[in-house]
Structure formats: C-alpha cells, structure tokens
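K.L.:
Chain residues, written in single-letter form:
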Amino acid sequence: MNQIKKLAGIIWLLLGPACIYFIVRAAAHEIAVKPGVDTVVQWGVFVVIFIPIAIGMSIFGYYALKGEYNH
Amino acid sequence: MKKENKIWQVITASSLGTLIEWYDFYIFGSLATVIAGQFFPKTNPTAALLSTLATFAAGFIVRPFGALFFGRLGDLVGRKYTFLLTLVLMGGSTFAIGLVPSYESIGFAAPIIVLTLRLLQGLALGGEYGGAATYVAEHAPVGRRGYYTSWIQTTATLGLFVSLSVILFTRHSLDVDPAVSIAKFNAWGWRIPFLFSIVLVGVSIYIRLKMQESPLFSKLKSEGAISANPLKESFGHKENLKMVLLALFGATMGQGVVWYTGQFYAQSFIENVCKIDFDQSRTILIWAILFGTPLFVVFGSWSDKIGRKWIMLVGMFLAVVTYNPLFKGLLDLSDTATKTEVVAAATSKINSVSIPNTQNFVRTALSTKSYTDGTIVTTTTTDTLYANPMQTTIKPVVKISKVLANSVYWKMVLIVFIMIVYVTMVYGPIAAFLVELFPTKIRYTSMSLPYHIGNGVFGGLTPFIATLLTTMYTADALAGLQYPIIVAAVSVIIGTLYLDSKINIQHD
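Residue numbers (our numbering), protein chains in the order written: chain Y, 1 to 71; chain S, 72 to 579.
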C-alpha cells in the first residue's frame with residue numbers, strides 16, 4: 001500500500017502543473033473568443049485563485065512521493 | 072448531568088450564531104438576480120447577473136483569508152472572543168447591505184459599497200466556522216465529538232433553509248395581490264431579509280457573551296503553551312502542512328463540491344434549466360433540506376463508532392456515480408414533450424404598451440398550456456413592435472415558467488433529497504475529522520484554511536463554474552456536472568489512499 005501511495009504521488013505532483021496549464025489555456029481561449037471586462041474578470045479570478053491551489057497539489061504529491069503519508 | 076447541560080448550552084450558543092452567519096451569507100446569493108437589478112447597470116442584464124455572481128464568488132474567495140486572519144487571532148487570544156467578533160462583522164455587513172441606496176440613486180458607489188460589504192461577509196464567515204467547530208469540539212467528550220459537532224454541521228444547511236423561507240415569506244406578504252407583492256419585493260422588499268438579520272445577530276451576541284472560553288484553550292493559556300506564531304506553525308512546518316494538504320485534497324475539496332451541487336446548483340438547475348417556477352424551485356429544496364437535515368446528526372454520531380473516513384468518502388463516491396442520472400431525472404420530469412397537452416385549456420393573450428416619445432410599442436405575448444398530469448406551462452414572449460414595418464426585434468425575450476403537478480413535484484423533492492443525503496454524509500463528520508487532525512494550539516488556524524478552500528473556493532464556485540460550462544457546451548444540459556464529478560472523484564481517490572480509517576483521534 002505504501003508503494004501505491006508513493007507512486008500515486010507522481011500523479012499528484014504532475015497534476016498541479018497540468019491544472020495550471022489547463023486553466024491558463026482555457027482562460028486565454030475564452031478571453032480571445034469573448035473579449036470583455038466580464039470574461040477577463042471571471043477567468044482572472046479563476047487563474048489567481050487556482051494557481052496557488054495547484055501548487056499545493058504538487059507539494060502534496062511531493063510529500064506522498066517521499067513517503068510522508070506512509071503508515 | 073451538569074456537564075451534559077453545559078455541552079448543550081455550548082452547542083446552542085455556537086450553532087445559533089453559526090446558523091445566523093450562514094443565513095446572512097446566503098440571502099445575498101439567493102437574491103442574486105434581484106440585487107443585480109438594484110446595484111448594477113441595467114443596460115445589459117447578463118452583465119448585471121454576472122457581476123452579482125462574481126460578487127457572490129468574491130464572497131467565497133475571501134473566505135480563506137478570513138480563515139487565516141481570524142484563525143490566527145483565535146489561536147492567540149481565544150476562541151470565544153474571535154468568533155464573537157466575526158458575528159458582529161457579519162451582522163453589521165448584512166444589515167448595511169439592506170441600507171445601501173440603489174445604482175440609480177448614487178451611481179457606481181452602490182456596487183462598490185455592496186462589493187466591499189460582501190467581502191467583509193466572506194472574511195467573517197471564514198473566521199466563524201472554524202471557531203464554532205473548535206469551540207464545541209473542545210467542550211465535547213473525546214469519543215463523542217462527531218455527534219456533538221454534527222449539530223454545528225446542520226447550521227449551514229439550516230441557514231440556507233431559513234434564508235429561503237424568509238425570502239419566500241417576505242415575497243408573498245407585502246400585498247394581498249400576489250403580483251403586486253412580488254413587484255414590491257423586487258423594488259424594496261428584498262431589503263427586509265437583510266435588515267431582519269440585525270435582530271438575529273443581537274440575540275446571538277447576547278447568548279455568546281455569556282459563554283466561557285474553551286477548556287482546552289484555557290488550559291493551554293494557563294500553562295503558557297499557546298502558539299506564538301500560529302501561521303508559521305500551521306503552514307511553515309512540514310508535519311502540519313502535510314496534514315493541511317491532506318485535509319484539503321482528501322476531504323474538504325470533495326465535500327465542498329458535493330455540498331454546493333446538492334443544494335445551490337440543484338436549485339439553480341431546477342429553476343434555470345428545467346424552467347420550474349420561482350417558488351416551486353425553492354420549495355422543492357426547502358422540503359428536501361427539511362427531510363435531510365436530521366441525517367447530519369445521524370452520520371456525525373455514526374462516525375464516532377465506525378470512523379469519519381468511509382462515511383465521507385462513500386458520500387462523495389455516490390455523488391460521483393449518480394449525479395448524471397439524478398440530474399437527468401430532473402430534466403425528464405420537467406420535459407413537456409413526454410406529457411399530453413389539454414388543447415382545449417390553452418390560452419393566449421397579447422398586450423402592447425407604447426414606448427414614451429416614440430411610435431413603437433413593447434409587445435408581451437402570454438400563452439398558457441395545461442397538461443393532463445396537471446402541469447401548467449406559461450410562456451412570456453416580449454419584443455418591440457416598431458412603427459417602421461421594415462424593423463423587427465432580432466431576438467425576442469422568451470421566458471418559460473412551469474408549475475409542476477403534485478406527483479411530479481414530489482418526485483423532484485425525492486431526487487433533491489437523495490443529493491442532500493450525500494451532503495449529510497460528507498459534511499456531518501467533517502468538523503470532528505478536521506478538529507482531530509490538528510493540535511489545540513494551532514487548531515483554529517490549521518482547520519479553517521482547508522475547510523474554507525475546500526468549501527468556499529471549490530464548493531462556492533460550483534454553481535458559477537457549472538453554469539459557465541453549460542454556456543460553453545450548450546448542446547449538453549448536464550455539462551456543468553463535469554466539474555463537481557471530477558473534483559469529487561479526485562478527492563475520493565486521495566482520501567481512499569491516504570486518509571487513516573483506523574484512528575479518529577490524533578489530537579485532544
């Protein structure tokens with residue numbers, strides 16, 4: 001079980017940057033399609049709020065990979 | 072016996088205040104469309120609504136900052152005075168929103184003031200919950216924390232229940248003529264639920280002032296063992312930070328989306344996608360909440376016996392696998408294509424009102440269709456009738472409102488009730504789970520942040536992101552569900568792998 005936890009840590013470690021890429025790409029696409037204050041504000045909020053959380057996910061993955069959650 | 076009485080006093084004082092804070096917070100969201108007309112430019116209704124939703128989201132996004140600010144304060148000066156302060160801040164902000172003049176009266180100052188007050192509400196809520204949960208848990212006997220803190224867990228849903236009830240009651244009691252009453256409510260009556268808050272807050276402050284500080288915190292303080300820097304200890308030390316991250320990704324993140332999908336998004340879906348009448352879309356939720364609320368205590372108490380982990384994760388898992396069929400069920404129940412129309416009962420009426428200083432008219436066509444099962448559908452089409460015959464309205468405004476037959480109405484209540492059961496499973500045990508994950512001296516700070524990121528950010532943005540997804544993928548009415556399903560699924564996997572199911576208590 002501890003081995004699975006460690007290996008899954010790689011997924012969480014990579015999920016962080018993947019989420020950042022997805023959010024930034026979606027934000028850029030939506031702003032390009034519907035330029036306007038509303039779109040910029042909405043997606044700006046998403047980007048600002050979810051990037052630190054995505055970084056947190058990577059830190060979580062790093063701890064899992066290091067075996068910090070092993071029992 | 073005396074000890075038993077004391078814990079119930081603690082629960083009553085804490086729960087009442089927390090319920091009022093949730094009430095204050097939700098009336099804004101529940102009245103989003105009415106407030107949009109009052110405080111944001113009316114030239115573009117969609118922009119006005121989005122502005123309000125953004126304000127609504129802002130209320131959720133600042134919650135984690137409130138958690139940090141008041142959590143730190145609570146770990147430094149004590150739980151009692153900190154969550155008393157959050158109550159005053161919340162009550163004052165809510166009351167003030169009810170007093171802000173409209174955009175027509177004071178221009179852009181109106182939305183700016185409202186936005187500021189909304190941010191203060193978010194900050195206050197960020198500090199309140201962690202304090203109340205910690206306060207109750209630190210009074211409760213160690214093996215019964217799930218049961219006693221579950222009473223605090225009922226307050227978020229009951230706050231929503233009270234807010235919906237007060238809004239519906241006010242909306243229908245301003246005049247004997249229902250249409251006039253609704254018009255009055257939209258013009259000024261919406262302020263009443265905000266102003267009413269000050270009475271509730273006054274009572275709650277009076278009760279809370281009589282309470283004593285938490286015994287565990289008092290003990291720490293008398294021993295000089297309180298944390299000098301709760302923020303640093305909570306998030307600067309790996310041993311604690313890793314538990315904060317686990318609590319967020321393995322529990323509160325999934326809990327937040329299940330909570331908001333089962334209540335807010337379900338109501339929004341019934342009203343805006345299924346096109347169910349304003350009152351029915353709210354009373355469906357009210358009944359489901361009423362039937363479901365006792366289950367918070369059932370699952371909280373059960374978690375003392377079998378552990379918190381699997382109750383929460385099974386609730387999330389059931390949500391992941393059943394949201395699509397449940398929401399599809401709501402759509403099917405409201406679909407008139409499967410019903411038989413009573414053609415003879417159909418009515419239609421056209422009304423034209425001249426537009427001042429022009430030769431044009433606003434034309435409103437009202438048609439009503441009845442179905443054999445008792446469902447009535449009213450379609451209102453509004454367009455402009457131009458004096459120049461070459462000019463026509465490009466896109467008339469069409470509003471559909473369905474009043475469901477009794478049998479269909481109760482089937483919808485049942486579906487929403489099932490979603491509320493999931494809410495009670497994920498939310499009932501979570502206060503005890505979070506409290507026990509962190510040591511007393513940094514508990515308020517440590518548990519508040521993952522709770523408010525999970526519940527406030529992931530959960531609070533659910534109706535907003537789900538609505539956004541349905542506007543991006545217009546062919547699929549259920550596209551909005553992808554967000555809560557994916558987030559809850561990730562939480563189920565992380566929780567299953569990393570949360571410890573054997574131990575409920577890590578810290579006293």
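In short, the hints are calculated from the structure, not lab data. Idealized CB from N, CA, C, for every residue including glycine. One or more hints might be untrue.
Have a look at the derived ranges for each label pair, beta carbon to beta carbon [stated by the list, open to error]: (1) Y:P52 <-> S:N459: 49 to 59 Å; (2) S:P365 <-> Y:T39: 41 to 51 Å; (3) S:N343 <-> Y:T39: 19 to 29 Å; (4) S:V469 <-> Y:G67: 21 to 31 Å; (5) Y:P52 <-> S:P249: 21 to 31 Å; (6) Y:L7 <-> S:D547: 28 to 38 Å; (7) S:V213 <-> Y:P52: 52 to 62 Å; (8) Y:G67 <-> S:F179: 52 to 62 Å; (9) Y:P52 <-> S:T393: 41 to 51 Å; (10) Y:F22 <-> S:A417: 42 to 52 Å; (11) Y:P52 <-> S:F349: 54 to 64 Å; (12) S:F179 <-> Y:V33: 24 to 34 Å; (13) S:T453 <-> Y:L7: 53 to 63 Å; (14) Y:V37 <-> S:N422: 50 to 60 Å.
K.L.:
Would you mind marking each hint as holding or not holding in the structure?
P.N.:
Structure-based check of all given hints:
no.: 1; hint: Y:P52 <-> S:N459: 49 to 59 Å; result: 56 Å, holds
no.: 2; hint: S:P365 <-> Y:T39: 41 to 51 Å; result: 43 Å, holds
no.: 3; hint: S:N343 <-> Y:T39: 19 to 29 Å; result: 20 Å, holds
no.: 4; hint: S:V469 <-> Y:G67: 21 to 31 Å; result: 60 Å, violated
no.: 5; hint: Y:P52 <-> S:P249: 21 to 31 Å; result: 48 Å, violated
no.: 6; hint: Y:L7 <-> S:D547: 28 to 38 Å; result: 34 Å, holds
no.: 7; hint: S:V213 <-> Y:P52: 52 to 62 Å; result: 35 Å, violated
no.: 8; hint: Y:G67 <-> S:F179: 52 to 62 Å; result: 55 Å, holds
no.: 9; hint: Y:P52 <-> S:T393: 41 to 51 Å; result: 32 Å, violated
no.: 10; hint: Y:F22 <-> S:A417: 42 to 52 Å; result: 49 Å, holds
no.: 11; hint: Y:P52 <-> S:F349: 54 to 64 Å; result: 38 Å, violated
no.: 12; hint: S:F179 <-> Y:V33: 24 to 34 Å; result: 28 Å, holds
no.: 13; hint: S:T453 <-> Y:L7: 53 to 63 Å; result: 59 Å, holds
no.: 14; hint: Y:V37 <-> S:N422: 50 to 60 Å; result: 36 Å, violated
Against the hints set out earlier in the document, violations occur for numbers 4, 5, 7, 9, 11 and 14.
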